[in-house]
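Using the hints, position chain B against chain A.
2 protein chains.
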Amino acid sequence: MITRLRAAALGAVAIALVGNAATASDLKPEEQIQTRQAGYKFMSWNMGKITAHLEGDYNQAQVEAAANAIAGIANSGMGALYGPGTDEDIGDVKTRVKPELFTNQQEVGEVAMAFIEAANNMAETAALGDKAEVKTAFGELGESCKACHKKFRKD
Amino acid sequence: MITRLRAAALGAVAIALVGNAATASDLKPEEQIQTRQAGYKFMSWNMGKITAHLEGDYNQAQVEAAANAIAGIANSGMGALYGPGTDEDIGDVKTRVKPELFTNQQEVGEVAMAFIEAANNMAETAALGDKAEVKTAFGELGESCKACHKKFRKD
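Chains as they are written, first to last, in the numbering used here: chain A, 1288 to 1442; chain B, 1288 to 1442.
Read the hints as simulated data drawn from the structure, not as lab findings. Treat the numbers as computed from the prediction; the structure is a model and nothing was measured. All the pointers check out, no bait thrown in.
Per the computed footprint, the stretches of chain B lying under chain A, defined by three or more beta-carbons under 8 angstroms from a beta-carbon of chain A, are:
#	stretch
1	1318 to 1326
2	1332 to 1342
3	1347 to 1353
4	1359 to 1366
From the derived model, a few chain B residues whose C-beta atoms are all more than 12 angstroms from chain A:
#	residue
5	Gly1372
6	Glu1375
7	Glu1387
8	Glu1394
9	Gly1396
10	Ala1419
11	Lys1437
12	Lys1441
Backbone N, C-alpha and C define an ideal beta-carbon position, used for all residues, glycine too.
In isolation and in its complexed conformation, chain A is listed as follows (with noise of 0.2 angstroms):
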């Protein structure tokens, strides 16, 4: 998994970047913005969980499927869910997203760029087992997700 996850990620930047033509069209606005915000929301359970695992009794097998399930989200193309028209609330459908991520596509690249590198990182050292090194791991995991926060997210 390991050199596969490594060889995903610069795929997975690219779908992040140009979008995916066959998934963008099917989404309305409104359920893209869902859809990437439950994509936050399952990743941050999981990172919740192996909080509760580091600080606590460390399971290596459910801190690993917490850490693949984050991997795989975050590899899966969310650029794509951040279409024309997501920019803002759509009726109920609210979004913290600023104004920059839609402009400033350099800048957007190389913090996605570094939390899927993050992310593989963290499944990696995960399958590892070794739970000094995971404490490492997700602590740079961390920062890569509040790198894009800062950023691109409203507070």
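For chain B alone, coordinates are given in the frame of chain A:
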């Protein structure tokens, strides 16, 4: 990844059935409902992408990424998101789960295992890249989704 996914399946089902003490306790019932729905929504998006690829231009990297996202979510121990109090609507948080899911543990275990195995088989097959085989594995995955919906989800 193939052997790891196979090995993970049993562990994941064990988590699914017994729940995850470290996490179930962290989320309120309404958050558990929202988080499990987020997982299903994100899987559904990825199922839709795979359908589009099978019906149109087939891009292996994107199908593989979508299949990995589904498998990652499927193996993440979603059983922990069916805790006490999540069997009915909570205010604006609606759920279509049937009461039987909380009482028929054996059948839940069977459909959960079948789903996880189908998701893992799909990920493994997508990695090999044969479109015809992917189509078969994807059909089986869809059937495993429907089997659970039919038994444990209201229309």
